[in-house]
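A.B. asks: Listed below, chain by chain, are the residues.
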Amino acid sequence: MRDMNLKNMKRAVLIASFFCLIFVGCKDDDTVSAPSCLNEYDLSPLLSNYADKVILPRYVEFSSEYDALYTAGQSFLSSPSSTSLASFQANYKLTYIGWQSVSPFDFGPAEEVFLLNTFNNYPLNEGKAYADALAGKVDFSSPDDYNKGLPLLDYFLFGLAADDEATVDSFLTNDKLVIYTQAVLDDMKTKLSQTVIGWQVYKSTFIGSTGTKDGESVSILINAFNKNYEFIKRNKVGVPSGVLSLGFTNPKEVEGFHSELSLELVSAAVKSSRNLFEGEGTDGMNGEGLDDVLRSLNADKNGENLADVILQQYSEIETNIAKINGPLSTAVDQQKDEVIATYNSMTQQVIYIKSDLPSVMCIPITYVDNPSDSD
Amino acid sequence: MKAVVRFLNRSKSITPLVTFRITYGLLLFFSSIRFWYQGWIDSLFIEPSFHFKYFGFHWVKMCPEVLIKPLFAVMILAALCVALGLFYRCALSLFLLLFTYFELVDATNYLNHHYLVILFGVLLLCAPAHRYFSFDVRRGAVTPRSEISQFYILILIAQIALVYTFAGLAKLNSDWLLQAMPLRIWLLEYQDLPLVGGLLKYTQTAFAFSWFAALYDCTIIYFLLYGPTRRWAYFTVVVFHILTAVFFNIGIFPWLMIVSNLIFFGDVFHKRLYAQKNTFAPTKENVPRVQPYLMITMLVFFTVQLLLPLRHLAYSGNTMVTELGYRFGWRVMLLEKAGIATFTLRDKADDRYMEIDNRQYLTEFQEKQMAIQPDFMVQFAQHIAARNSDIVKSSAVSVASFITINGRVSQRFIQQDLDLLQVQDDWSDKPWIIYRSVK
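Residue numbers (my numbering), protein chains in the order written: chain G, 75 to 449; chain P, -13 to 425.
The reader is advised that the hints may include incorrect statements.
To be verified - Here are the computed lysine-lysine pairs in the BS3-like style, where the Cα-Cα straight-line distance is at most 25 Å:
(1) G:LYS345 with G:LYS410
(2) G:LYS127 with G:LYS345
(3) P:LYS425 with G:LYS375
(4) G:LYS410 with P:LYS334
(5) G:LYS397 with G:LYS345
(6) G:LYS263 with G:LYS250
Read the hints as simulated data drawn from the structure, not as lab findings. Here the structure is a predicted model, which is why all the values come from computation and not from measurement.
The whole structure should be built from the sequences, with the hints applied where relevant.
C.D. replies: Following this line, the structure appears as structure tokens:
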């Protein structure tokens, strides 16, 4: 009995080593597809660049844009006139475009105060917003109420009345609108300053978390980058274009419908996403970004570096957007092909940034949020 | 032949079998409670509006929502009864029935170790594991026995041997051995762990783990079978499986293997476990021989168990990519695989189309699983067509599907523009899977 087992054991070891030898022997010289991974890759410079040169400066820049909007808003609300309205409107446009540069950072302090929901829940629930205003209901604690933020300004400043003169009149005659708009402005101001202050503290946490696990900075950044990108693709272009609804367009679902700002907002959002990928700071300096990681990993996609593939795709998207004559709300019906082409080029990019990028960086996505065990 | 039968019927102490019964019952009792406590009944059974099915088991429907938790509670109690040896055969049958039902009801949740729980359960059901140290004995329902045919222990050992061996063979591939994939990805996650963390970022560490794990799976069974090496082999079992429990969220699998491997220890060890409670003096009994029909059943059982993991050889390409013949084959922890599957529903009558937002139909977890498994894509396509039949009469569903495997860039997985409603989800080869092997 003992002998038999010993023989079995020896045989097993032999068979196992034999198998191993075969597989070693089968190794071909083709190392092109060899996975790269972030082994022994120091992520600190990347995270420092994002925190110090990209994220914080963008918040600072956006804050000053917002402050200007806030001031213009206050002077309009205290003395509504066509001049003060024009200034309020102009600042609104700058701020909405500026918002696109910080919207990808929906994590950390921003996520804590629901900054994204505060600034840009759209499409606005116009009925609810108007009713809340008339009822004097200025409770913005629920992140899921589509009754506030920049979309509210879009509606109140551009869509409430037939023209600017009538808009001024509504604010002159209806105090409730004044109070509600002021509350909306205050809400944004509070959340934004909380976020900026929060980042001063969160910065060191962000830079110090150099692992690749779910919940660590690089994983958070890539997730936020993708979530924001898909939001651009689906909500800013997809939904209005009708690709999700059998070709029946939804012009009113564009972002900034009343101010006819939709196309500029898409452009700004794509540019913001691209700059984020490149790690480009507000000073225009191209620091260590995700593209540099892909380059040092030699991430090969169809014979080209994945970083170049992604950048070319951004260019293609930008070219497609340039062919559209704004606003998007009319283009979805009048320039169907151009809008669909834009959407399709955006869809292609999802493969590169959501699938290829985390895979070659070996950021595990298999386990994230699994409501179950794995094996 | 006769010698084989005589060998199988050789009598042995019942204690290893009893230990197996008790630990199996307790483990399933606690893990089922954990499953409930984690909220998985809600997220895996109640929340999804659609459930993926196994081939041949499409008829298994989710029971009405009000029944799910009561049935689960019955299952938990049944597991406890198995451990206690109370109404053993009834309790085990009931447990197995319910456990299997909850597995079959949604194939999204397939886990190799849940499949192993079912197989162990079936083998236990054939064995008289309640004839000692059980409430059935105490209440006088069965006559106690101190010895049994070693057949009942050998079938459990055979099952464990199959698991390890196939898991080991599956690791003998170039990704595992030559790229240290996917361990390189997974160990990287733990680089800020105290003490060992610093080592984990090195590729060499991943290689060491990979080669050790492959060697372990391929050979551990022989070291466990061989008396002189058994003790330290079991020690390795404990260390190895605890390591996997630390690094990966693989649920009860490590614990299941740690306790079930106790079966390798002989009478002396197991008898000692019960020494204090030995309420009756062992007599020289006449150990009943195993019924021939049971032997034949087991022969069929193990033939199937031997062939099932090998069925992937009947398909072209690599099962790690195609998933053809992947399940029920003990291919564990082999892949870091993810996919993007974008479905388009087309109305053939008026040439309108729409892209499908998967999350309106599936949970995040279901979407993730569907995006890497072709049979799920076929089922999902049918579901999309059914759910939209009021607005699209003459439908066609195609998918733009891309997957990444073990750190590679993505590849198109499914033939573009194929109408998934026209293909059958069965055991035949699926030529429309166009990504079939990795370089």
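A.B. asks: Please go over all the hints and tell whether each is borne out by the structure.
C.D. replies: Quick rundown of the hints versus the structure:
{"no.": "1", "hint": "G:LYS345 with G:LYS410", "result": "holds, 23 Å"}
{"no.": "2", "hint": "G:LYS127 with G:LYS345", "result": "holds, 16 Å"}
{"no.": "3", "hint": "P:LYS425 with G:LYS375", "result": "holds, 14 Å"}
{"no.": "4", "hint": "G:LYS410 with P:LYS334", "result": "holds, 20 Å"}
{"no.": "5", "hint": "G:LYS397 with G:LYS345", "result": "holds, 16 Å"}
{"no.": "6", "hint": "G:LYS263 with G:LYS250", "result": "holds, 20 Å"}
No hint from the list above goes unmet by this structure.
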